[in-house]
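J.: Heads up: the sequence lines are chains A and B, in that order.
Numbered per the working numbering, the first sequence spans residues 1 to 155.
Numbered per the working numbering, the second sequence spans residues 1 to 264.
Keep in mind the hints are simulated off the structure, nothing from the lab.
Think of the CB as a built atom: it goes at the ideal place given N, C-alpha and C, for glycine as much as any other residue.
One thing to keep in mind: the hints can contain errors.
Here are the computed distance ranges between Cβ atoms for each label pair [what the hints assert, rightly or not]: (1) Y181/B x L35/A: 35 to 41 Å; (2) R20/B x N50/A: 34 to 40 Å; (3) D146/A x A13/B: 55 to 61 Å; (4) I9/B x T74/A: 53 to 59 Å.
Every beta carbon over 10 Å from chain A, so not counted as near; a handful from chain B, in silico [what the hints assert, rightly or not]: (5) I79; (6) F205; (7) F234.
Simulated crosslink set (BS3-like; lysine-lysine; CA at most 27 Å straight-line) [claimed, not checked]: (8) K197/B x K262/B; (9) K197/B x K75/A; (10) K130/B x K75/A.
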Amino acid sequence: MADAAQHLAFMAAQTAVARGEIALVSPEMPLRANLSVLDNIALIPQYRTNLTYDEAADQAWGLLVTAGYQDSHTKRDPDLSHAERCVAKLLRAVIGQPPIILIDRPAMLLPDTHYPPFLFALLEKLAEHLNNCEIVDYQWNQPLYDARHPPSIIE
Amino acid sequence: MAFVTHFFIRRGAAFLTTWRIWRDTLLFAGRAVLTACAPTAYNSATRTVVMKQIYFTAWQILPGFTLFAALLSYVLIQIVVTTAAKFGLSDYALEVTMRLLVLELLPLITALFVALRSSSAINTEIALMKINGEIEALESACVDTMRLEFMPRVIGGMISVLALTAVTSVLALVLAYLAVYGWQTWSLPDFSRVMGKVFDNAVLFGILLKSLTFGLAVTVIPVAEGMATPRKLFMAPISVLRGMVRLFFALMLIEVASLAFKYI
């Protein structure tokens, strides 16, 4: 029964993702390897709202500057550090302005970083571009988090 | 008896697998063409991908390929003209040259060249995108990969094959004129008469259709094969190998069908 409920919840989440209600930042959602960071982020508004490349790239550049990662804008996925890749994925989600952004298992995105402070500092910088951002993590990683910002737990 | 049963089961499974691959390729081609016909499919992002595809498939190779096509055309024209003269058939040399080069060889060579250069790259790229999960990532970001990644490649590939065929054909016609009539212009009416005889409306429509079908094949087969790649890295070279072999057979099949339609 639990399996069926989990499956239904998963399907509902997939449907929501498909409708653009939830943007996933996940280890399983890689960047386009043959596009630069800037192009990966700009692609979303360029495609979804039919902006010209220059307009979309301006938006993407603004977000990279806000996050403090503008130096990585020409890099492609294989050349990125874990932090740069995670930021690029997050900004790709942010630029679409979805109602919810789900950061899925950040320990897998940032294996060499004490990630809760890193993520919360990043989310604070991007606060005016975010609607609602949730972090989903394993229960055993909960002690890493500040008690004021507990993650959603994968049971 | 068991041997016979196993043989048919194995052959049947292989046949069904091949049948499914070709069916999926044809379905994909249909979807790509239908998407390409819808004006709503085009936006700034898709236009960028179409332009990139034309740039990488046609523009980048234009000087080298044109030079190669000119050299090949010149050699073949000289062979035909010399042989025709030897047998007292000089009157037919120009017509034979046009039929051989413009109607048959140049479209096929262009498609093969594009297949070697771009189709293998497209097959590898799509296979790696599939293996890495990039396609799912784009779709989860509400990006329709048919519109953004696949359809523009098909359009770009078709335009590239058509454009390269047109450029090399015009060049071959100029070389054929020079080889048969020399460096003078007063034989242009004769040349035009032969051209009119060879390139009637049906033939022009046929060559257009053949080039477009070649263009469709050199993009649809690698994309469909890339999409069918299982999510295992070691399958990438196997996917490209399969895609290229299937593409070669498809191109030959189109050529044979075109020859059979014209001459049988």
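J.: For every hint, state whether the structure bears it out.
T.: These are the hints, each one checked on the structure:
1. Evaluation of the 35 to 41 Å hint for Y181/B and L35/A yields a failure: the beta carbon distance comes to about 52 Å.
2. Our hint of 34 to 40 Å for R20/B and N50/A holds, since their Cβ atoms are close to 37 Å apart.
3. The given range of 55 to 61 Å is respected by D146/A and A13/B, whose C-beta atoms sit roughly 57 Å from each other.
4. Checked against the hint of 53 to 59 Å, the pair I9/B and T74/A passes, with Cβ atoms roughly 55 Å apart.
5. At the 10 Å boundary, the C-beta of I79/B stays outside the reach of chain A, the nearest C-beta of that chain being 43 Å off.
6. The non-interface label for F205/B is consistent with chain A: the shortest C-beta to C-beta separation is roughly 35 Å, beyond 10 Å.
7. No beta-carbon of chain A comes within 10 Å of the beta-carbon of F234/B; the shortest separation is about 18 Å.
8. Restraint check for K197/B and K262/B: the C-alpha separation of about 15 Å stays at or below 27 Å, so the hint holds.
9. Of the supplied pair hints, the one linking K197/B and K75/A is violated, its CA atoms being roughly 57 Å apart against a limit of 27 Å.
10. In summary, the hint linking K130/B to K75/A is supported, as the alpha carbons are separated by about 21 Å, within the 27 Å threshold.
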